[in-house]
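Using the sequences plus the hints, can you model the full thing?
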Amino acid sequence: MKLVPLKLVTIIALDALSERIIKDIKQCGIKGYTITHVEGEGLQGKHFTDWEGRNVRIETLVNEEVATSIMQKLADAYFDKYSVIAFVSAVEVLRREKFSG
Amino acid sequence: MKLVPLKLVTIIALDALSERIIKDIKQCGIKGYTITHVEGEGLQGKHFTDWEGRNVRIETLVNEEVATSIMQKLADAYFDKYSVIAFVSAVEVLRREKFSG
Amino acid sequence: MKLVPLKLVTIIALDALSERIIKDIKQCGIKGYTITHVEGEGLQGKHFTDWEGRNVRIETLVNEEVATSIMQKLADAYFDKYSVIAFVSAVEVLRREKFSG
Amino acid sequence: MQQADIIHTLSRSLASPMVLAFVLGVIATLLRSDLKFPEGMYMGLTIYLLFAIGLKGGVKLSHTPLIDFLLPGGAAVIMCCIIPVLTYFILHHLAKFDTVNAAAMSAHFGSVSAVTFSQSITYAETAGIAFEGFMPALLAIMEVPGVLIALYIARKKMATDNQNNEVMRELLTGKGIILLIGGILIGLMSGDQGYESVAPLFDAPFKGILCLFLLEVGLVTGRRVGDLRKVGLRLIAFSLLIVGINALLGSLVAAFCGLSVGGIGIFTVLCASASYIAAPAAIRIALPEANPGYYLTAALAIVFPFNVIVGIPLYFKLATYIHPIIAAL
Amino acid sequence: MQQADIIHTLSRSLASPMVLAFVLGVIATLLRSDLKFPEGMYMGLTIYLLFAIGLKGGVKLSHTPLIDFLLPGGAAVIMCCIIPVLTYFILHHLAKFDTVNAAAMSAHFGSVSAVTFSQSITYAETAGIAFEGFMPALLAIMEVPGVLIALYIARKKMATDNQNNEVMRELLTGKGIILLIGGILIGLMSGDQGYESVAPLFDAPFKGILCLFLLEVGLVTGRRVGDLRKVGLRLIAFSLLIVGINALLGSLVAAFCGLSVGGIGIFTVLCASASYIAAPAAIRIALPEANPGYYLTAALAIVFPFNVIVGIPLYFKLATYIHPIIAAL
Amino acid sequence: MQQADIIHTLSRSLASPMVLAFVLGVIATLLRSDLKFPEGMYMGLTIYLLFAIGLKGGVKLSHTPLIDFLLPGGAAVIMCCIIPVLTYFILHHLAKFDTVNAAAMSAHFGSVSAVTFSQSITYAETAGIAFEGFMPALLAIMEVPGVLIALYIARKKMATDNQNNEVMRELLTGKGIILLIGGILIGLMSGDQGYESVAPLFDAPFKGILCLFLLEVGLVTGRRVGDLRKVGLRLIAFSLLIVGINALLGSLVAAFCGLSVGGIGIFTVLCASASYIAAPAAIRIALPEANPGYYLTAALAIVFPFNVIVGIPLYFKLATYIHPIIAAL
Ligand SMILES: Nc1ncnc2c1ncn2[C@@H]1O[C@H](COP(=O)(O)O)[C@@H](O)[C@H]1O
Ligand SMILES: Nc1ncnc2c1ncn2[C@@H]1O[C@H](COP(=O)(O)O)[C@@H](O)[C@H]1O
Ligand SMILES: Nc1ncnc2c1ncn2[C@@H]1O[C@H](COP(=O)(O)O)[C@@H](O)[C@H]1O
Ligand code: NA
Ligand code: NA
Ligand code: NA
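Protein chains in written order, with my numbering: chain E, 8 to 108; chain Y, 8 to 108; chain C, 8 to 108; chain A, 104 to 432; chain B, 104 to 432; chain V, 104 to 432.
Each statement offered as a hint is correct.
Straight-line Cα separation of at most 30 Å, DSSO-like style, residue types lysine-lysine; simulated pairs:
1. Y:Lys80 / Y:Lys30
2. Y:Lys105 / E:Lys88
3. Y:Lys105 / E:Lys80
4. A:Lys260 / A:Lys333
5. E:Lys33 / E:Lys105
6. C:Lys80 / V:Lys139
7. C:Lys38 / C:Lys88
8. C:Lys88 / E:Lys38
9. C:Lys30 / Y:Lys88
10. Y:Lys33 / C:Lys105
11. C:Lys105 / C:Lys9
12. Y:Lys105 / E:Lys33
13. C:Lys38 / C:Lys105
14. Y:Lys88 / C:Lys38
15. C:Lys9 / Y:Lys88
16. E:Lys33 / C:Lys88
17. E:Lys105 / E:Lys30
18. C:Lys33 / E:Lys105
19. E:Lys88 / A:Lys260
20. A:Lys333 / Y:Lys105
21. A:Lys139 / V:Lys163
For the record, the hints were derived by calculation from the structure and aren't laboratory data.
And the structure:
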């Protein structure tokens, strides 16, 4: 058994944007993702009801290349306009081939 | 595009403590945070119903200084008395200025 | 105050497997864990209703040894058969003794 | 005597379980209680309310000759075009809010609040005031156009490059619209017999659910009350001014359309109410740079409580005065 | 005339709020609406429906002499053994699906859909067709055996080493079974007086809750419609073929057991329906290598809408023809 | 004959859908079923129950002359002061639990269980036993003082520096209290007419919701049953001893206050019940070092099932014996 390094990209965004973002990051070549429903407060203030929609956290395990291309995509298409934040962290996995092409 | 290093502080605590903790960490200078509702088991055992309140995970992206001051604050005001755990991880972001003053 | 390094093991799996997995990782010597209800898409496609069960993310702070033994256990008992992914990340905590024996 | 009459009306309205539940929610938050509804309950109750309003409206509509509906329906659309323009003018030119925030607030004033509407229906039913059956259809009609007009204003002024069609689609397929219009169509198609089979869920407990929902809205509003101090008197004063103008305008238009006293009252409620269900979701995506501290606070913490506690009884009173006058013309 | 009769039956069924709510849900998804039920609501409504079906069934069962129940009960078990074998044969040998996917789908066809069952009860009640009180007990009986048979087939063919007992326990203590059987036992033990005290929750609003639930199922189904294109005509055609065969077989067996017209109709629904509540959960764990793109799509996006929209009225019509013929033998 | 009478009473109580639903929940967990209520449902049902109890109680209270309420109200407060002291003495000095755990458990025994109360109301209504309308007000009164007394004991003994005022505020604005007292006030203010408008939600389905809730409590209790083995016979024996003493004391006090048979029964239930809604939340924050394995297990896995299954019918039986004796004095 050998743990190999990989990247975890985490995106936090409005619920209403999640489908659009997933479509975009699928094009960057991800093989899967995990969504969590979260609440948040940032520059835009808090949400107050779940009808308005809360935030989602989208996480995806990818290789470094794909991570970079996702961050680029988000910077181009979302950061200026929308409440979206994203960060990359280093993790270790088994079965690297499951997550990166 | 250049990814720059930053810290992610994650706090797991009783739901009932979350407002108090957020007030405290706001004083440490955070610019935003994200909350997730979670369940947990630790020394204090599991919760059984959501009326008693579950746990929350509070995450905030900050620079190293703020991270240290948050950990200090938690150690002083919570760790001895309450079911609170916290950890710091290294991440990379774009737009560093959004997260640290 | 001194932050010390530790490992965070994150497991994402079918809700229906969570009790089995927790039993298994308890045997590896964890002292606590946190569960989040998540949704995901991977090779097995998305779930569609919460009756079928969604995914859970199980997180546990452990020392490196325990982290390795958890990953080994998962590789042996789950990876081939079930929709389970896991990864290890490096974090820093106070009170190391709370998390690792 | 007239004044005593109004006070009596107000106090009777205040003593309804719905209004009291709302007040309880606000008080609980101000006392920093840990009362909080579980995630999803707000959404679940909203789905119920909108779908139930639609269903019942659809069944009633099935008994209405289309011709009776044309005039009020047209008037509703016209009001939806006038209100946001007027509101934008007041907020931007008189109250000196900047373009994007004035437009965002106009979208909220230009749309309607389904919960305020429900409460007015409940008020009328409890007070025994009859009204036209097609009112829920007006609610559905008035949900979207005001938002579109306000976005149009914003865009003209700011020359943004936003994809008009996409916003349009999102508005028209928004969950509120789908539930309301879907409910109306199902009510229309399944008729009395179909409605009877589901009435024990969608009719009988409606007021109770509204009561529970208003408790929750009270909790949410309470958290916004703190914002009132931040936004200051300017927002409060101009919001109430706009509500007053819209109410007056609405009641006149309704009376000219020949609606009954109850119909005038409810039409007035629609015009005077501000959306906090359809509009915020749309504005968040279409005008992300607008500040929710303004539009949500105005719609939820100022206009909504004013209408539910004071406005609704007043509008119905107003209707009883206006109706005979216009009818006599 | 006969054809006009069937069209009339179909159109009346189509105009029920339940069917329309399902269609609304599908349409909303296809329009890419943001309507989504809150997390937990699907589960909550399912718990309600299963428990309510059980309770009511239990009370009715308490009025049934055991002897009347033996023959139909036995027939139900036999059908549960025949259907998955037959289905596996068709899917594997005729439709050329591989072993594991054919077995997984057989498990779904071999089990039953509680929601389709509820809709058939509602249909019968609305149309005034009487039926035997022990029908919900048949639903409970038919939930598990088909899955077991299908798993047995899969295992024989693939020689896997899965722990039989554990799967068996999981199936028999699955939430669906617990709620249904538990409800039936509680209904049996607490009788009419006990049932009356909880009927305002479990009886009166049942159809309304079913309507809301079908709206949600429609939303879920809509998201699966895209999969239909991927799986292709082969899955659609063979699914409908299997439904047809199971329906025919079921109605004949029911008629031979001496059930009433209503009983034959509902028994047919049980045989023709595919589980998307009990079976998927079991298959996910027991046959993780099977593709949900096949079994969920078949059960939810093909068989369920077919039954709810077209099947149920047809099966009851069929029952009115078959009943006198077999009774005359 | 008397014994046969008690057995008959017990068996009738056992056959109620509520008790059976609770038992079903326990059994499901013991069978390791995957039945689990969705997140938020427990909270949602609790909100409903507390608010509904309050509302109904408020309306009934509006018909009660204040004077009738003074004596029982005072008695309730006194019982809340005696019970935790007595309980602490038994648990610490006889059962040898340490200070903090004995105090934490005393808080639970000193407060009351709204669900046990609801079940006793349901029991009385089903059995046709009349009771005073102000009972829910007693429930509200008895929720907090016991917890405060127990915390006071803990603090005296441990000389902790906890902020008394903050704990007090948290207790008095706790969600349970807000819902109960808020509901009572709304019921009082909106009266019969207001209540009628929301009764189809808060009155008619109450027993059904209680049944569903007890199913869920059963699931939770089942998960606690394993803890019974760990905590051992000592906790079980002393818990039941305390329940017995409190019940006896309660029924005597109630009878001396001149309550009816039904009133004595319910007052006894209040005294004998242990809180698992208000107290645990408070203790978790105020005495974080106490072990939930003791207090939750006692309240939920020992006292609650005992009261619901055996206690309630016994207390009402007891009331029928005590009432004439004391009345004759
Ligand atoms: N510093 C931060 N740390 C963690 N989450 C953040 C931070 N800033 C913003 N967020 C999350 O991102 C969402 C949008 O941020 P904003 O656009 O600043 O309102 C917030 O609702 C939070 O969930
Ligand atoms: N080793 C651990 N790993 C992850 N989460 C933990 C760990 N220990 C405790 N927790 C979380 O922290 C909460 C409080 O822990 P405790 O104070 O030990 O009961 C638990 O309910 C868990 O959610
Ligand atoms: N690359 C990935 N990144 C993040 N989560 C993943 C990834 N792949 C799979 N998952 C999660 O693991 C679950 C099971 O994956 P799979 O077995 O591939 O269907 C999915 O439902 C996701 O929640
Ligand atoms: Na308006
Ligand atoms: Na079947
Ligand atoms: Na007590």
